[in-house]
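> Sequence:
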Amino acid sequence: MTSGWIDDDDLKEKKLDLRLWKSLLKYTLHYRQTSLLFLLVAFSAAGADLGFPIITGALISEIDRDISQVNIAWYAGAYMTLAIVLSVSICGFILCAGRIRTNVSHDIRRDAFEQLQRLSFSFFDKRPTGWLMARLTSDCQRLSVILAWGVMDLIWGSTLMIGISLVMLWYNWRVAIAVLAVVPVLFAVSMLFKKWILRTSRLVRRTNSRITGVYNEAIMGVRTTKTFVREEDNLKDFDRLTSEMYEHSVRNAVLSAVYLPIVLSLGSVAIASALVMGGNQVLASTLAIGEMVMFMYYAQMFFTPAQEISAWFAELQMAQASAERVLSLIESVPDIQDSDEVKQRLQTLGHDGHPDRLGVIEFRDVGFRYGDGPQIIQRFNLTVQPGETIALVGATGGGKSTVVNLLCRFYEPTSGEILIDGVDYRQRSLSWLQSNLGIVLQQPHLFSGTIADNIRYGRPESTEEEVIEAATLAGAHSFISEMNSGYDSQVGEGGTQLSLGQRQLISFARAVLKRPRLLVMDEATSSIDTETEKVIQESLARILQNRTSFVIAHRLSTIRSADRILVISQGEILEQGSHAELLKLRGDYYKLYTDQSIRDIDRIDSISLSDDDSADELNSPSPRTEKDHASLSPTVRERK
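First residue of the sequence shown? That's 1 in the UniProt record's numbering, and the numbers climb one at a time after it.
Possibly wrong hints are sitting among the right ones.
Think about it this way: if two alpha-carbon atoms lie no more than 25 Å apart in a straight line, the pair counts; the simulated BS3-like pairs of lysine-lysine are [as the list claims (entries may be wrong)]: (1) Lys534 x Lys591; (2) Lys195 x Lys22; (3) Lys236 x Lys226.
These are computed hints drawn from the structure, not numbers from a lab.
Treat the numbers as computed from the prediction; the structure is a model and nothing was measured.
Full structure from sequences and hints, please.
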């Protein structure tokens, strides 16, 4: 199986891939005892089913010969015995299939979820969250049903059909052939209709997936929709999709409605064949009347499992898309993983063979592109000393986040190398780098649970005192203490019970508690209010002390104390130096800083004006222009 991702649009009218299903059967074979017990009860159920027509036929034949010699009690006892065997077998059948289905569903989802934890960021860049959720839920559920009930029904149905064929051939091969002659026609018709039904089912499923996507977007983007008054347009798009869904569903229902009467008619032809052929032999005294009745029963019984088997084969084909998608997820190979050499050292030495220290970090002629896209970074060179704080600024899309993503090894360079303490970080283990890494993002994600649980997420073994110490260092302790349950307060799914600023402070505390040697902050203060930013600013000096740090900043006021500031544009370093040094250059950083300072002054002025109802101020001389601001020295503007 390749690591390529499977999409519905890539799934044409494929034949049933038995090798694919064979690889999935391993999930069922994990439960050999339950599977063997199922085979036993399946054979018992099939045997009991086969026995009823034989008993009925024998009773009728005996009554026809001499009713006075019939032992009704014996036949009643035999019939009751078969009924008990069948009931117990069906009970065991349901229990075994249900247990296998539950276990298989658990195992497939566990393997898929475990694989998601290992996959690289590039994998998630290409797959929408809703699409992945569908693979973990509906696709896994569908496969577990087929691998349990489908396989079990196929075994039971095949056993019953083979048994019926053998019994009929044993009693009278001529009548048996007359009955079984309809079977090839049944399978041909079934496969033809199921192919048509499969095609419409794919359209139904694909349209349903699009409808689900619309639901998801409508829920996630409800504020944007209302802001731009797009409700009517969205409703029209939704109506168009539901109309498509209706057309495909009706076509699918019509095909199913036509298919069933045809199958029933073929079953009636088989019964009629048994009646005609058997009746002639009864009249010729070469077949007992009870045996003719038995053949008619078997002809009717034969088509029930035949229908189910053809239906399950069609279901297997329809579910093949689910199987391919789930297997493509489970068998995907992470783009970034430890090399074989590193794995060998981990196995033999217990570590990757290098000293456990974070020394000098060096980007050496690093180049990178996302997939087949344009070059984002090219010949990027940078040397960072231990404990140094590096700030990255520049326009959006310049490559700042790419630099830190490469540093964190979320991606790897397409050319060049990144050295840590003189060693290519691809020669270090991922676990070593990640254990030394702390990261704070622009949009912090909290997990359902308490505040304390989220702070100790990176170090679950941390004590309560350590949690409080980290929260205090990050400036989060004061607001946590004011909450009713304190550190035991529930944050809700994704932290919805807290404000963005509170979530960000907890995110800082979480990073601090991990005690990382390398701290990365990706625009961690760009989306928070000024009050929270002030709290974070007061904490940053303590957090960054003696710790190698990379800070991507939108608000330049937050990185003035950085050891070095890099101005990044189109994947290259345009300028670098301290805040004061770059202002003296009067280059790109100077322009960025002065422009942002002007906007801050104008914002403060607008707030002052809105609070002042004086008409005299509203009619005051024209506001300062950007040119006027630019004429001010940086120091004056800063004080202003």
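> Each of the hints needs a verdict: does it hold here or not?
The hints, checked one at a time:
1. Lys534 x Lys591: holds, 24 Å
2. Lys195 x Lys22: OK: Lys195 and Lys22 at ~22 Å, within 25 Å.
3. Lys236 x Lys226: Roughly 15 Å separates the two Cα atoms, so the pair holds.
Hint compliance for this structure: no hint is broken.
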